[in-house]
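Participant: Sequence:
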Amino acid sequence: MERCDLCDRFFDDRQALQQHIRDAPAHTLTFSCQPCNRTFVSHSALDQHTRDSPVHTLTYDCEPCSRSFGSQSALDQHAQNSPAHAVSFNCEPCNKTFVSQSALDQHLRESPAHTIKYDCEPCNRSFGSQSALDQHAQNSPAHAVSFNCEPCNKTFVSQSALDQHLRGSPAHTITYDCEPCGRTFSCQSALDQHVQNSPAHAVSFYCELCNRTFGSKDALDQHIQYSKAHIAPPSTPLDEFFQSFAGFNYNPKLPPSESYAQLKRFCRWGEYDPEDNEAWKQYQSALEAEVKMWFGAEDDLGAWHSLCRAIGIEPLPATCKQAVNVGTCLQSMIMHMDSGSKMRMWKSLSVKLANKVT
Numbered sequence: 001m002e003r004c005d006l007c008d009r010f011f012d013d014r015q016a017l018q019q020h021i022r023d024a025p026a027h028t029l030t031f032s033c034q035p036c037n038r039t040f041v042s043h044s045a046l047d048q049h050t051r052d053s054p055v056h057t058l059t060y061d062c063e064p065c066s067r068s069f070g071s072q073s074a075l076d077q078h079a080q081n082s083p084a085h086a087v088s089f090n091c092e093p094c095n096k097t098f099v100s101q102s103a104l105d106q107h108l109r110e111s112p113a114h115t116i117k118y119d120c121e122p123c124n125r126s127f128g129s130q131s132a133l134d135q136h137a138q139n140s141p142a143h144a145v146s147f148n149c150e151p152c153n154k155t156f157v158s159q160s161a162l163d164q165h166l167r168g169s170p171a172h173t174i175t176y177d178c179e180p181c182g183r184t185f186s187c188q189s190a191l192d193q194h195v196q197n198s199p200a201h202a203v204s205f206y207c208e209l210c211n212r213t214f215g216s217k218d219a220l221d222q223h224i225q226y227s228k229a230h231i232a233p234p235s236t237p238l239d240e241f242f243q244s245f246a247g248f249n250y251n252p253k254l255p256p257s258e259s260y261a262q263l264k265r266f267c268r269w270g271e272y273d274p275e276d277n278e279a280w281k282q283y284q285s286a287l288e289a290e291v292k293m294w295f296g297a298e299d300d301l302g303a304w305h306s307l308c309r310a311i312g313i314e315p316l317p318a319t320c321k322q323a324v325n326v327g328t329c330l331q332s333m334i335m336h337m338d339s340g341s342k343m344r345m346w347k348s349l350s351v352k353l354a355n356k357v358t
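Each residue of the sequence shown is one higher than the last, beginning at 1 in the UniProt record's numbering.
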């Protein structure tokens, strides 16, 4: 089946479709004139219509006066001869028109409205030349050059008068101030002499740790070298024990028990690890030596009180005899402590040892 796209009819074969297209008036080829909506049976008929019809004649339009001409030459002749299209020269400031450039130039030269003026902005006056303006600015008191002293808001007729004012006026005298003591000097050398001789400005060497001042670097160094406040505290038995493990970040401010727990995690020791057992024995020895170091002399009640405060014993013993009883009990516990379980058992029974020791 063959379909006709124009009228949507179907035919048995292509020959029948082509016969239909040739015979049907609806499928006859036409030539249309779009401007006047007319149809012609041939292209030659359409061309004849376009040439002969006034509607389709090619025209040349003059836009300023809306007239049409049959040729370009006719349009050009019209534009040349019509006064409405004559070339004009306009003066935009005063909205006037001239027939030539020379006439416009003459107007610009002679018209007062277009004369070049030289204005004096401060007094709003105009002059015919630059020299006249300059003469006005030079002679007018209103335009005399002035020299101002900004700090005291005074005006002078010359730079020398202003300089004299600055030199002679106390308000403008250059001063050299000593900021630490608030004193003022007339020259830099006087200020330098003051700083050099005044004890208040003597160079000092400050020890920030003990808030003391020294007169020389040598004195400060001597102080730091021999002052007990600057001598590093000696390592204790526990410090030496924990610092013997390379790479372990030991903090002396932590309780020994917490430091040992950190050490076990650092070394990855298990509960029955031989290295842990050996280290535990060394730790107990260091702990015992540390406690003995805390005691001091047996007749020093202050040393006993320091020990009791460190391990959390309250109330503090009133006499050295009472303190010795506490110390004997504590020493006995440390000497017989072989494992963490025994230490926890003793602590639960006695409740005499604070976390700093455990």
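Treat each hint with caution, since some may be false.
[As the list claims (entries may be wrong)] With beta-carbon atoms standing in for the labels, derived distance ranges:
id, residue 1, residue 2, range
1, Pro-35, Ala-113, 52 to 60 Å
2, Arg-183, Leu-254, 48 to 56 Å
3, Ala-219, Cys-320, 48 to 56 Å
4, Glu-92, His-165, 51 to 59 Å
5, Ser-204, Arg-183, 44 to 52 Å
6, His-165, Ser-140, 40 to 48 Å
7, Pro-112, Asp-134, 20 to 28 Å
8, Asn-124, Ser-146, 17 to 25 Å
9, Gln-101, Ser-158, 37 to 45 Å
10, Ala-289, Arg-268, 24 to 32 Å
11, Asp-134, Gln-193, 51 to 59 Å
12, Leu-254, Asn-277, 38 to 46 Å
[As the list claims (entries may be wrong)] The list that follows gives simulated cross-link-like pairs (lysine to aspartate or glutamate, EDC-like), each with its CA atoms no further than 20 Å apart:
id, residue 1, residue 2
13, Lys-281, Glu-258
14, Lys-96, Glu-110
15, Lys-154, Asp-134
16, Lys-253, Glu-288
17, Lys-321, Asp-299
18, Lys-117, Glu-92
19, Lys-264, Glu-240
20, Lys-253, Glu-278
21, Lys-264, Glu-278
22, Lys-281, Glu-271
23, Lys-264, Glu-275
24, Lys-281, Asp-218
25, Lys-264, Asp-276
26, Lys-281, Asp-300
27, Lys-253, Glu-271
28, Lys-96, Glu-63
29, Lys-253, Asp-239
30, Lys-281, Glu-240
By construction, these hints were calculated from the structure, which means they are not laboratory data. Using N, Cα and C, we set each Cβ at its ideal position, and we do this for glycine too.
Participant: All the hints need checking, so say for each whether the structure fits it.
Facilitator: Hint check:
1. Between Pro-35 and Ala-113, the C-beta spacing of about 54 Å keeps the proposed range 52 to 60 Å intact.
2. Judged by the Cβ atoms, the range 48 to 56 Å given for Arg-183 and Leu-254 holds: they are separated by roughly 55 Å.
3. One distance hint, 48 to 56 Å for the beta-carbon pair Ala-219 and Cys-320, is violated here, with the actual separation near 43 Å.
4. Distance hint check for Glu-92 and His-165: the Cβ-Cβ separation is about 54 Å, which falls inside the suggested range of 51 to 59 Å.
5. Taking 44 to 52 Å as the suggested C-beta distance range, the pair Ser-204 and Arg-183 does not conform, at roughly 19 Å.
6. Look at His-165 against Ser-140: about 25 Å separates their beta carbons, and that is not inside 40 to 48 Å.
7. One distance hint, 20 to 28 Å for the beta-carbon pair Pro-112 and Asp-134, holds here, with the actual separation near 22 Å.
8. Distance hint for Asn-124 and Ser-146: a CB-CB separation of about 20 Å, consistent with the stated range 17 to 25 Å.
9. One distance hint, 37 to 45 Å for the beta-carbon pair Gln-101 and Ser-158, is violated here, with the actual separation near 53 Å.
10. As the Cβ distance of Ala-289 to Arg-268 is approximately 27 Å, the hint placing it in 24 to 32 Å holds.
11. A hinted range of 51 to 59 Å for the beta carbons of Asp-134 and Gln-193 is consistent with their spacing of about 54 Å.
12. The hint said 38 to 46 Å for the Cβ distance between Leu-254 and Asn-277, and at roughly 23 Å that hint is violated.
13. Distance check on the hinted pair: Lys-281 and Glu-258 sit about 16 Å apart at the alpha-carbon level, within 20 Å; holds.
14. Taking the CA atoms of Lys-96 and Glu-110, the gap is about 14 Å. The hint holds against a cut of 20 Å.
15. Taking the CA atoms of Lys-154 and Asp-134, the gap is about 26 Å. The hint is violated against a cut of 20 Å.
16. A distance of roughly 18 Å separates the Cα atoms of Lys-253 and Glu-288; the hinted pair therefore holds under the 20 Å criterion.
17. Proposed proximity of Lys-321 and Asp-299 is supported: the alpha carbons are some 9 Å apart, at most 20 Å.
18. Restraint check: the Cα-Cα separation between Lys-117 and Glu-92 comes to about 18 Å, which is no more than 20 Å; the hinted pair holds.
19. For the given pair, Lys-264 sits about 16 Å from Glu-240 by alpha-carbon distance, which is consistent with the 20 Å threshold.
20. Simply put, Lys-253 and Glu-278 have alpha-carbon atoms about 24 Å apart, too far for the 20 Å limit, and the pair is violated.
21. A hinted pair counts as satisfied when its Cα atoms are at most 20 Å apart, and Lys-264 with Glu-278 qualifies at roughly 12 Å.
22. Taking the CA atoms of Lys-281 and Glu-271, the gap is about 14 Å. The hint holds against a cut of 20 Å.
23. Among the hinted pairs, Lys-264 with Glu-275 is consistent with the structure: their alpha-carbon atoms are about 10 Å apart, no more than 20 Å.
24. With a CA separation close to 48 Å, the supplied pair Lys-281 and Asp-218 exceeds the 20 Å bound.
25. At most 20 Å may separate the alpha-carbon atoms for a hinted pair to count; Lys-264 and Asp-276 meet this at roughly 7 Å.
26. Of the supplied pair hints, the one linking Lys-281 and Asp-300 is violated, its CA atoms being roughly 30 Å apart against a limit of 20 Å.
27. Restraint check for Lys-253 and Glu-271: the C-alpha separation of about 26 Å exceeds 20 Å, so the hint is violated.
28. At roughly 23 Å between alpha-carbon atoms, Lys-96 and Glu-63 are farther apart than 20 Å, so this suggested pair is violated.
29. With a C-alpha separation of about 10 Å, the suggested pairing of Lys-253 with Asp-239 holds against the 20 Å cut-off.
30. Of the supplied pair hints, the one linking Lys-281 and Glu-240 holds, its CA atoms being roughly 14 Å apart against a limit of 20 Å.
Hints 3, 5, 6, 9, 12, 15, 20, 24, 26, 27, 28 from the earlier list are contradicted by this structure; the remaining hints agree with it.
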